[in-house]
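Using the sequences and the hints given, assemble the complete structure.
Order-wise, the sequence lines are chains A and B. If you read the first sequence in UniProt numbering, its first letter stands for residue 1, the second for the next number, and so on. If you read the second sequence in UniProt numbering, its first letter stands for residue 1, the second for the next number, and so on.
There's no promise every hint is true.
In this list, chains with the same sequence are indistinguishable; a pair is considered to hold if it fits within one copy or across any two.
[Said to hold, decoys possible] Dumping the calculated SDA-like pairs for lysine to any residue here, alpha-carbon to alpha-carbon at most 25 angstroms: (1) Lys491 x Thr243; (2) Lys212 x Phe276; (3) Lys534 x Ala463; (4) Lys46 x Gly236; (5) Lys460 x Gln449; (6) Lys212 x Gly362; (7) Lys66 x Thr335; (8) Lys228 x Arg98; (9) Lys85 x Ser53; (10) Lys336 x Gly362; (11) Lys46 x Ala175; (12) Lys212 x Thr235.
The hints are simulated quantities; they were obtained by calculation from the structure and are not laboratory data.
Number of protein chains: 2
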Amino acid sequence: MPTREQQQGYSRRSFLTRVGATGGAGAMFATMGALGLAPSAEAATKVPFQPPSPSDFRLRGRGAAKVLVLGAGVAGLAAAYELGKAGYDCTILEAQDRVGGRNRTLRGGDRLAEMGGATQRVRFSDGQYMNAGPARIAQWMTTMDYCRELGVPLEVFTNSNAEALIYNESAGMKAPVKWRTAKADVFGYISELLAKATDQGALDQRLTATDKERLLSFLSGFGAIGSKTSGYAYTGTDRRGYTVDPGAGHQAGTPLGPPPSLSEVLASGVGRSFSFEFGYSQAMLMFQPVGGMDAIPRALARAVGHGKIKTGAKVTKITNLASGVRVEYVAGGRTKVAEADYVIATLPPNILAKIPHNLGAGVQAALSTPVPAATGKIGLEYRSRWWELEDNIYGGITNTDLDLATIWYPSYGYNDRRGLLIGYYNFGAAADTYAAMTHEQRLTRALNQGAKIHGDKYRKDIAASVSIAWKRQEHIEGGWISWPSRGAEYKLLNEAQGNVYYCGDWLSYEIAWQHGSFESARKVVSELHQRVLKS
Amino acid sequence: MPTREQQQGYSRRSFLTRVGATGGAGAMFATMGALGLAPSAEAATKVPFQPPSPSDFRLRGRGAAKVLVLGAGVAGLAAAYELGKAGYDCTILEAQDRVGGRNRTLRGGDRLAEMGGATQRVRFSDGQYMNAGPARIAQWMTTMDYCRELGVPLEVFTNSNAEALIYNESAGMKAPVKWRTAKADVFGYISELLAKATDQGALDQRLTATDKERLLSFLSGFGAIGSKTSGYAYTGTDRRGYTVDPGAGHQAGTPLGPPPSLSEVLASGVGRSFSFEFGYSQAMLMFQPVGGMDAIPRALARAVGHGKIKTGAKVTKITNLASGVRVEYVAGGRTKVAEADYVIATLPPNILAKIPHNLGAGVQAALSTPVPAATGKIGLEYRSRWWELEDNIYGGITNTDLDLATIWYPSYGYNDRRGLLIGYYNFGAAADTYAAMTHEQRLTRALNQGAKIHGDKYRKDIAASVSIAWKRQEHIEGGWISWPSRGAEYKLLNEAQGNVYYCGDWLSYEIAWQHGSFESARKVVSELHQRVLKS
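Take a look at the structure:
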C-alpha cells in the first residue's frame with residue numbers, strides 16, 4: 001500500500017531534494033521553512049514595526065501632530081509612548097485615578113471599588129500581590145520586547161506544573177490527581193491501545209513496516225508500556241509519582257500505583273486538560289514581570305511622562321471636526337474640552353459605545369457589536385505556603401470543572417513564609433455567579449470549592465483576600481470582548497473614522513492579551529504617522 | 001467482552017464503594033491513596049528525618065561525639081550541619097581549596113584546573129555564571145527543604161521549553177524543529193491513528209462503547225485532528241507555531257505548515273525526546289538557587305562554621321581503631337593526623353578506593369565496584385542573547401543526537417544584554433570525546449556542532465568560554481558513579497564499618513542528585529546518632 005505521499009506522486013524528502021538540486025540551498029531552505037523544518041521558520045516573524053522618529057519629518061517640512069489618547073491602559077500608553085519617540089504632542093485622558101486599565105496589580109493598601117457593590121480594602125502583606133488582570137506573557141509576544149526596551153525584569157510564570165492537580169467533580173472523581181499522574185496514565189493507555197492496534201495490523205493501510213517499527217518503539221518509551229509478549233500493557237510507571245520518595249540506602253522509593261483502569265481514566269476526563277499547554281499562547285515557558293504585572297504600565301507611564309497623563313478625566317463626548325477632533329471630559333466635577341489633530345480611542349468598545357460622538361450610526365453599531373466577557377479572580381493570602389510545604393506544588397495551575405475553573409499557585413516568593421493563591425480565575429457563567437455575590441460570599445464559596453481539592457486546610461490560616469469581577473469594574477465593564485465575527489464592524493473600527501482612530505486588544509487577533517494591545521497600538525501609530533507625513 | 005477489571009471479579013469503583021461501606025470514609029481514603037487518587041497520595045511522603053537535638057542527650061547521660069567528616073561536598077556539609085544541631089564536634093577535611101565538591105559554580109576570576117591538562121582562567125562577565133555540576137532541583141526533592149531552611153532563594157530552572165529545539169542529525173533531519181512543533185505533529189498523528197483504529201473497531205476487545213466515545217473525544221482535542229468524515233486526519237494545527245505571528249487588525253497570523261508526513265515525523269525520531277519531561281526527577285517545574293547552585297554549599301558551610309572546615313586537606317589513610325578512628329591527611333605539604341570517635345567518609349568511592357585503610361578486602365572490593373561516569377559541560381558567554389532576540393527561546397533545553405547531547409539556554413538574566421549558554425552537557429562516549437581534547441578543541445567542536453542547529457551566528461560574538469570534564473577533576477574523577485547492581489557491595493557500604501560510615505549520593509537511589517547526598521547524610525546522621533545515644 002503506498003503512503004499518502006507516494007499516492008501524491010512524490011515523497012516530501014525527494015521533493016526537497018529536487019528543489020535543492022534546481023533552486024540551490026536558498027530555495028531549499030525557503031521551502032523547508034514553509035514545511036516547518038528550517039531554521040528560518042524556527043521563530044515566527046513578528047509583524048514589522050518601525051517606530052516613528054523625529055528624522056522622519058526632516059525632509060518633508062512636516063511636524064508632529066497633536067494627539068489625544070483616550071485611556072491609559074496598555075494600548076493607550078503604548079501609542080503615546082511610540083508617538084512620543086517622534087515628538088508628537090500627546091495627552092492621555094484616563095477616567096481612573098491610575099494607569100494600566102485592566103493591567104492592575106493589587107497590593108496591601110489598595111482600594112478596589114465595585115459598581116453597585118462595596119469597596120474592598122486590600123490587606124495583603126508586604127511583598128504579596130495579585131495580578132488582577134493579565135498575568136502571563138508568552139515568549140513570542142511583543143510584550144517581551146517592550147519589557148526589554150523598558151527595562152522591566154522578567155521571571156518565569158508557572159503556567160504548567162506536573163505537581164499541580166486536575167479535579168473533575170462532574171466526572172465522578174473522588175479526589176484530585178497530579179498532572180504527572182494523569183499524563184502517565186493517559187499516555188500509558190493510549191500507547192497500549194495504539195501499540196495493540198498497530199501490532200495487529202489494523203493500521204497497515206496507513207503505516208509501512210518501517211513506520212510500524214518506529215511507532216512501536218516510540219510508544220514503548222512514551223507510554224512506558226510492556227513488551228509485545230505482555231500485550232503492550234500499561235500497568236503503571238514511576239512517572240505517576242511515589243508514595244514514599246526514593247532516598248538513601250535501601251529506600252528505593254515506593255511508586256504510586258496501581259493505576260486506575262483504562263475505563264476509569266477515560267471517564268475521569270483528565271486528558272481534556274492536556275492540550276491547554278500545547279497552545280501557541282499558553283505553552284511553557286511563560287513569563288511575568290518581577291514584582292507585579294503593573295511594572296509594564298508603570299514603565300510606559302514613566303517613559304511617556306506623567307505630565308502628559310490626566311487621570312480622573314472621564315470622556316463624555318467625541319466630536320470629529322473637519323480638521324481635528326474635540327473631546328469633552330469631566331474632571332474634578334467640571335466639564336472640560338480638549339482639542340487635537342487626532343484622537344486614539346483605546347477604551348473598551350462597550351464603554352466607547354456609551355459616549356456620544358458624531359461618527360455616525362455605522363460606527364455606533366460597530367462599537368456595540370463586540371460582547372463583553374465575564375471573568376473574575378480571587379486572591380487568597382495564606383499565612384503559610386502549605387501547597388509547597390505539604391504538597392510539593394511550587395507554582396503552576398490546578399485545573400477543575402468546579403466553578404473555580406483554576407487555582408493558581410504563586411510564581412514568586414518560593415519558600416517564603418506567606419503566599420498568595422489565585423483561588424479562582426474563571427469565565428462565563430461561573431464568573432457571573434461569583435460576580436453577583438458580595439466579596440464575603442465569593443470567599444466562602446471559593447474556599448468550600450477549593451476544599452474539595454485541597455481538603456480542610458484550604459479554609460484555614462487565611463490572612464487576607466480580595467476578589468474582582470471585571471464586569472463590575474467602572475470604566476471597563478468586562479474582562480475583554482469577543483466579536484461574534486470579525487466582519488464589517490471589525491473592519492470599520494480598524495480604519496480611521498475621520499480623525500479618530502480606535503485601538504486596543506479588541507482590534508487584534510490576540511484579544512485579552514497585552515500583545516494584542518501593543519500590536520494594535522503599533523498599527524495605529526504607524527497609520528497615523530504615515531498620514532501625518534503625507535498630509 | 002468484559003473489561004480487565006470485570007475479569008478480575010470487581011470493578012475498581014465498586015471495590016472502593018465496598019470499602020467505603022464497610023470501613024468508613026477513612027478506610028476509603030486510605031485505599032484511594034494506594035490507588036493514586038486520594039489527597040493523601042498527592043505528595044509523596046518524604047523519608048522521615050528527625051535532626052539530632054541537644055535534648056536527645058538530656059536524660060541519657062551521654063554527650064555528643066567527635067566526628068571527622070571527609071569531604072566538604074553536599075553530603076559532608078549536610079552531615080556536619082545536622083550533627084552540629086546536637087552539638088557534635090565535627091571537623092570536615094576537604095582536599096580542595098573550596099567547599100561544594102561537584103556543586104561548583106564558575107564565575108569570572110575562577111581558575112579551573114584539569115588533571116593532565118591546562119588550567120583555564122574563567123573570564124565570564126559580572127553576573128554570568130555556569131553551574132558546572134548540579135543545576136536543577138525537582139520540587140519533591142529534599143534539596144528544596146534545605147533551601148528553605150538555609151534561606152537560599154529559588155527561581156525556576158527552565159528544564160523544558162516549547163520554543164527550544166530538537167535536532168536528530170542521524171535521522172536525516174535537515175534542520176531542527178521546535179518542541180512545540182514536534183509535539184503537535186507527533187500527538188496529531190498518533191491521535192489520528194488511534195482514532196482510526198478505534199473507529200474501525202480494532203480495539204473493541206479492550207474498549208466499551210462508552211470508552212470509545214470518550215477516547216475519540218479526547219483524541220480530537222489532544223491531536224487537533226479532523227472529524228470522522230475526514231478520517232480523523234491530522235493536517236496541522238496552529239500549536240505548531242506561526243511563520244508570522246497573530247497581530248492587530250487583519251493580521252490573523254500565518255500558521256506554520258503543512259506538517260511533514262506521518263512517515264517523516266516517525267523517521268525524525270523527535271518523539272523520543274518527549275518522555276524526558278515526564279520523569280519524576282525531570283518534570284517541570286524545576287528550580288535553581290538565584291545566582292548559582294553553590295549558594296547551597298555556601299549556606300551549609302556558613303551554618304557549619306568555616307572554622308570547622310579544613311580545606312586543602314587531602315586524606316591519605318584511614319585507620320579504624322578499637323575505639324574511634326585515626327585519619328592521616330596532607331595539608332600544606334605536611335602529613336597530619338586527626339582522631340575522632342567516628343568518621344563519615346563522603347568522598348566518591350573511586351577516590352576512597354585509592355586511600356589506604358584497615359577495613360578489609362571486602363570494603364576495598366566494594367569501594368572499587370561502582371563505575372565512575374563521564375560527563376562534561378561547556379559554558380559559552382555571548383555578547384548578545386540572540387536565542388531570545390531572534391529565536392524567542394527564553395530558557396530551556398535543546399535536545400540533539402549530536403555529541404553535544406543538549407544545549408541549555410540560561411534560566412536567569414532574561415532580556416539582559418549578555419548571556420551564557422551551556423553548549424553541551426553530555427555523557428558517556430560523547431563526554432569522553434570532549435574530555436580528551438584541550439579546551440580550545442572542545443570549543444571549536446562545540447561551536448561547529450551547535451552551528452548545525454543554530455546556524456552561523458552560533459560561532460559569533462563569544463565573549464568567554466569554559467569547559468569541564470569531570471573525570472579530569474582532581475579529587476573527584478567522575479560526574480557520578482553507577483552500580484553494576486545494588487548488591488552485596490552496596491549493602492556493605494551502607495552499613496558502618498567499625499567506626500567509619502560511608503555517605504554520599506552514590507549510596508542512594510538518587511545518584512547524581514543533591515537529593516541523594518542529603519538523604520544519605522540524613523540516614524548516616526540518624527544511624528550514628530542512635531548509636532551514640534545507645535553507647
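Quick rundown of the hints versus the structure:
1. Proximity of Lys491 and Thr243 under a CA criterion of 25 angstroms is satisfied inter-copy only: 23 angstroms between copies versus 57 angstroms inside one chain copy.
2. In this assembly of identical chains, Lys212 and Phe276 lie within 25 angstroms of each other by CA distance solely across copies; the values are 22 angstroms between and 29 angstroms within a copy.
3. For the identical chains of this complex, Lys534 and Ala463 are neighbours neither inside a copy (59 angstroms) nor across copies (46 angstroms), given an alpha-carbon limit of 25 angstroms.
4. Only between protomers do Lys46 and Gly236 lie at most 25 angstroms apart by alpha-carbon distance; the minimum there is 21 angstroms, versus 44 angstroms within a single protomer.
5. Proximity of Lys460 to Gln449 under the C-alpha cut-off of 25 angstroms is restricted to the intra-copy arrangement: shortest distance 14 angstroms within a copy versus 55 angstroms between copies.
6. In the homo-oligomer, the alpha carbons of Lys212 and Gly362 never lie at most 25 angstroms apart, since the shortest distance is 59 angstroms inside one protomer and 50 angstroms across protomers.
7. In this homomeric assembly, Lys66 and Thr335 come within 25 angstroms of each other (Cα to Cα) only inside a single copy, at 21 angstroms, whereas the closest approach across copies is 83 angstroms.
8. Taking CA atoms no more than 25 angstroms apart as the test, Lys228 paired with Arg98 passes in neither setting, with 65 angstroms inside one copy and 52 angstroms between copies.
9. With identical chains, the CA atoms of Lys85 and Ser53 are at most 25 angstroms apart within one copy only, with a shortest distance of 6 angstroms there and 65 angstroms across copies.
10. Taking the closest pair of Cα atoms, Lys336 and Gly362 never come within 25 angstroms of each other, the shortest separation being 27 angstroms inside a single copy and 94 angstroms across copies.
11. With identical chains, the CA atoms of Lys46 and Ala175 are at most 25 angstroms apart between copies only, with a shortest distance of 21 angstroms across copies and 44 angstroms within one.
12. Taking the shortest alpha-carbon separations for Lys212 and Thr235, both the intra-copy value of 22 angstroms and the inter-copy value of 20 angstroms come in at or below 25 angstroms.
Going down the numbered hints, you'll see the structure goes against 3, 6, 8, 10, while the others check out.
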